[in-house]
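Modelling step: build the complete structure from the supplied sequences, incorporating the hints.
Just so you know, the protein sequences line up as chains A and B, in that order. For the first sequence, position 314 (counting from the first letter as 1) is numbered 314 according to full-length UniProt numbering, and the numbering increases by one without interruption. For the second sequence, position 331 (counting from the first letter as 1) is numbered 331 according to full-length UniProt numbering, and the numbering increases by one without interruption.
It is possible that part of the hints are untrue.
[To be verified] Cβ pair distances, simulated, as ranges:
no.	chain 1	residue 1	chain 2	residue 2	range
1	B	M309	A	R83	42 to 48 Å
2	B	A318	A	M1	52 to 58 Å
3	A	R262	B	V134	54 to 60 Å
4	A	E144	B	A21	26 to 32 Å
5	A	R170	B	T8	53 to 59 Å
6	B	A78	A	R31	32 to 38 Å
7	B	K118	A	E318	49 to 55 Å
8	A	E301	B	A46	43 to 49 Å
9	A	E144	B	L313	37 to 43 Å
[Claimed, not checked] Computed list of lysine to aspartate or glutamate pairs in EDC-like fashion (alpha-carbon distance at most 16 Å, straight line):
no.	chain 1	residue 1	chain 2	residue 2
10	A	K88	A	D119
11	B	K271	A	D242
12	B	K271	A	D261
13	B	K271	A	D119
14	B	K31	B	D19
15	B	K23	B	E33
16	B	K271	A	D239
17	B	K281	B	E58
18	B	K97	B	D87
19	B	K210	B	D232
20	A	K278	A	E16
21	B	K158	B	E126
[What the hints assert, rightly or not] Here are a few chain B residues that face chain A, going by a calculated C-beta distance under 7 Å:
no.	residue
22	S59
23	S165
24	N204
25	E208
26	H229
27	P268
28	T269
29	I270
30	Q272
31	R273
32	R275
33	V280
Just so you know, these hints were derived from the structure itself, not from any lab. By construction, the Cβ of each residue, glycine as well, lies at the ideal position given by its N, Cα and C atoms.
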Amino acid sequence: MTLKVENLSTHFFTREGVAKAVDGVSFEVGRGEILGLVGESGSGKSITGFSILGLVDPPGRVTGGKILFQGQDLVGRSPHEMRAIRGKRIAMIFQDPMMTLNPVLSIETQMVETVRAHDKVSKAEARARAVEALGLVGIPSPDERLAAYPHQFSGGMRQRVAIAIALLHRPELIIADEPTTALDVTIQSQILAVIQRLSTEFGMSLVWISHDLGVVAGLAQKVAVMYAGRIVETGTVDDVLDRPIHPYTIGLMRSVPANLDRGETLTPIPGMAPSPLKRPSGCPFRLRCFAATAACEAEPEAAAIDGHLYRCFNPQFERAA
Amino acid sequence: MTPLIEGTGVSRRFSRGLDYAEKLARMFGAKLEERVVHAVDDISLAINPGEVVGLVGESGCGKSTLGRIMAGILPQSAGTLHWEGKDISALPRQEAKAVRLTSQMIFQDPMSSLNPRKTILDIVGEAPVAHGMVPKRQAPDMVAALMERVGLDPSYLKRYPHQFSGGQRQRIGIARALAVKPRFIICDESVSALDVSIQAQILNLFMELKQELGLTYLFISHDLGVVKHISDRVAIMYLGRIVESAPADAFFAAPNHPYTVALLSEVPTIKQRRRQFNPVKGEIPSPLHPPSGCHFHPRCPHAFDRCRMERPLLREIAPGHISACHLNETPVLAIARPAEITT
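Next comes the structure, spelled out in structure tokens:
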């Protein structure tokens, strides 16, 4: 198992109170496996990613649980130890590559720097590795493009550069946070093709954080649906999307017009996601749920059938989404 | 039926003139030209009363510019706009103003289109009071009624935009557009920034309002899934031109233009699992230097010589279904194509 997250909690201690952004999250990612972490804004999916990389800043803090990476716990490691892992064995790709790339440095400078941060190699060798990585992600004439600055690339090409940087050390795990959300459909599809190829070729594991169930369906083997800091349902993509059990997953699938046939009515989930500061007691979804009963005022524990996990008192076994 | 609004041969060019130093350099023989972007290039689009037209395209294709021209907030560089059969530019002032008022726009980001220092009462009530549609005294009642209509609690009348969530702010934007009793609404990526569960709520609101108030929509979006759900007719834009337009059912059943086919096959859906992504190659070219002939030819898997030289015209390939592709006039290739679509 490349990554095993057990009961992870990340809380933010703010003046208004404690925001439980991630509240007891568990999942596993095997070698070469892609896990889609799906949820709406504020569900805690990005904070989960940041927690794995040790990038949670105060007032936030990992307050409990384990992050086992190749069997070793990352929680409580010193910043120095984390720095040796981050970028080398675990890499991250963000939504907006303009934020990860330094606008005043050429791509070459940034890539050579990244290589030499972890490996003591000559500049020429670092450069050769940079050229190779750019080629892998499908940037035409990588040798010449290396001298360019981020603003000279289009959005899709910038995201490719960001992926190339993430690949420089052949990480065992990549955390990708909404990496194609800002891209056009045809460009998104190009990036997904690149990711798919790399994951099979190098046996790289991925945690693909996204709000788009369609992208996850096309890319991942497993999916975990997050709501209000918790994973409410998880299993293989086929299990979860063909036989969703949790009312939130069902609601999410019925809200996306692309998943329906033309003319089918959208059945939106009423209301909106609760603020992490003011979560309702019991099941946090109960106030928006079509299946809620009095039982939901208590907290649902995770239950499972054949490796398909859910947290719900009223699992929807019969209902086809 | 007379279309509610009809644009004929509409173009919009944005140019950046030469500055002083560049003019001077040109006097000394430097080859500097004014840089012109054809954001909208000779487009004709008619929208019938009660119709929802989905306008789809990727970034930089000119869909927002076309929307603004249709809304009357951006003048076109060439071409004419007709409102119920009458040329808008030839209307008397009073009438032209009335026409402008009946076209309202709803934007993508409500935070940047709502004044943060005004209350909802002012934001929604300002225009109808200014245009003399309601006396100022009655504005609070009118705004409260509108808020209720779009699903907001009327007791929030005196609140400011930052006190609302993204979905609620979009509802305020809708209430503001409805306040002047429009007949034609232009939605420019109005649901793109919202979470899916909220997006579905807003889409349902749009459809309810259409039924109740008999509205006509131009629905601009990059999301084919949303457009498929809401539209009666779909038009696809690529680099300033419409490449295909058809009634929604026909469009999704039998897309014709290679660009449209590519777009449709690349929309991720939950029905396709662990698929082989097989994207069209290349990037969207810069509108500053669009390719010759058919703008799509450098990325098109079926391009041949004629595509590089000659701009394909929009031709009717089925009733109401128009497409701008040379393949439609080349029988051999046209037969070879449908098989590829299904694979």
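Now the hints, each set against the structure:
1. The beta-carbon spacing between M309/B and R83/A, approximately 57 Å, falls outside the hinted interval of 42 to 48 Å.
2. Distance hint for A318/B and M1/A: a CB-CB separation of about 54 Å, consistent with the stated range 52 to 58 Å.
3. Separated by about 39 Å at the C-beta atoms, R262/A and V134/B break the suggested range of 54 to 60 Å.
4. One distance hint, 26 to 32 Å for the beta-carbon pair E144/A and A21/B, holds here, with the actual separation near 29 Å.
5. The hinted range of 53 to 59 Å is satisfied by R170/A and T8/B, whose Cβ atoms lie roughly 58 Å apart.
6. Between A78/B and R31/A the CB atoms are about 60 Å apart, so this pair departs from the stated range of 32 to 38 Å.
7. Against the hinted window of 49 to 55 Å, the Cβ-Cβ separation of K118/B and E318/A comes to about 50 Å, which satisfies the hint.
8. One distance hint, 43 to 49 Å for the beta-carbon pair E301/A and A46/B, is violated here, with the actual separation near 59 Å.
9. For the pair E144/A and L313/B, the beta carbons lie near 39 Å from each other, so the given range of 37 to 43 Å is met.
10. At roughly 9 Å between alpha-carbon atoms, K88/A and D119/A fall within 16 Å of each other, so this suggested pair holds.
11. Between K271/B and D242/A the CA atoms are separated by roughly 9 Å; this keeps the pair inside 16 Å, and the hint holds.
12. Between the alpha carbons of K271/B and D261/A the distance comes to roughly 11 Å, so the proposed pair stays at or under 16 Å and holds.
13. A threshold of 16 Å between alpha carbons decides the hint, and for K271/B with D119/A the separation of about 43 Å lies outside it, so the pair is violated.
14. Taking the CA atoms of K31/B and D19/B, the gap is about 14 Å. The hint holds against a cut of 16 Å.
15. Note on K23/B and E33/B: the hinted pairing holds, with a Cα-Cα distance of about 9 Å set against a maximum of 16 Å.
16. At roughly 12 Å between alpha-carbon atoms, K271/B and D239/A fall within 16 Å of each other, so this suggested pair holds.
17. Note on K281/B and E58/B: the hinted pairing holds, with a Cα-Cα distance of about 15 Å set against a maximum of 16 Å.
18. Of the supplied pair hints, the one linking K97/B and D87/B holds, its CA atoms being roughly 13 Å apart against a limit of 16 Å.
19. Note on K210/B and D232/B: the hinted pairing holds, with a Cα-Cα distance of about 12 Å set against a maximum of 16 Å.
20. A distance of roughly 10 Å separates the Cα atoms of K278/A and E16/A; the hinted pair therefore holds under the 16 Å criterion.
21. A C-alpha spacing of about 14 Å is found between K158/B and E126/B, which places the hinted pair at or below 16 Å, so the restraint holds.
22. A least Cβ separation of about 6 Å between S59/B and chain A falls short of the 7 Å threshold, and the interface hint therefore holds.
23. The restraint placing S165/B at the interface with chain A holds, with a minimum CB-CB distance near 6 Å, inside the 7 Å limit.
24. Because the smallest distance between the Cβ of N204/B and any Cβ of chain A comes to about 6 Å, under 7 Å, the interface hint for this residue holds.
25. A least Cβ separation of about 11 Å between E208/B and chain A goes past the 7 Å threshold, and the interface hint is therefore violated.
26. Hint status for H229/B: holds, given a least beta-carbon distance of 4 Å to chain A, under 7 Å.
27. With 7 Å as the threshold, the beta carbon of P268/B comes within range of chain A, its nearest partner Cβ sitting at about 3 Å, so the hint holds.
28. Below 7 Å, beta-carbon pairs count as interface contacts, and T269/B has one with chain A at about 5 Å; its hint therefore holds.
29. Because the smallest distance between the Cβ of I270/B and any Cβ of chain A comes to about 4 Å, under 7 Å, the interface hint for this residue holds.
30. Among the interface hints, the one on Q272/B holds; its C-beta lies about 5 Å from the nearest C-beta in chain A, closer than the 7 Å criterion.
31. With a least beta-carbon distance of about 5 Å to chain A, the hint placing R273/B at the interface is held under the 7 Å criterion.
32. For R275/B, the suggested interface contact is upheld, since its CB lies about 5 Å from the closest CB of chain A, less than 7 Å.
33. Taking 7 Å as the C-beta contact cut-off toward chain A, the hint placing V280/B at the interface holds, the least distance being around 5 Å.
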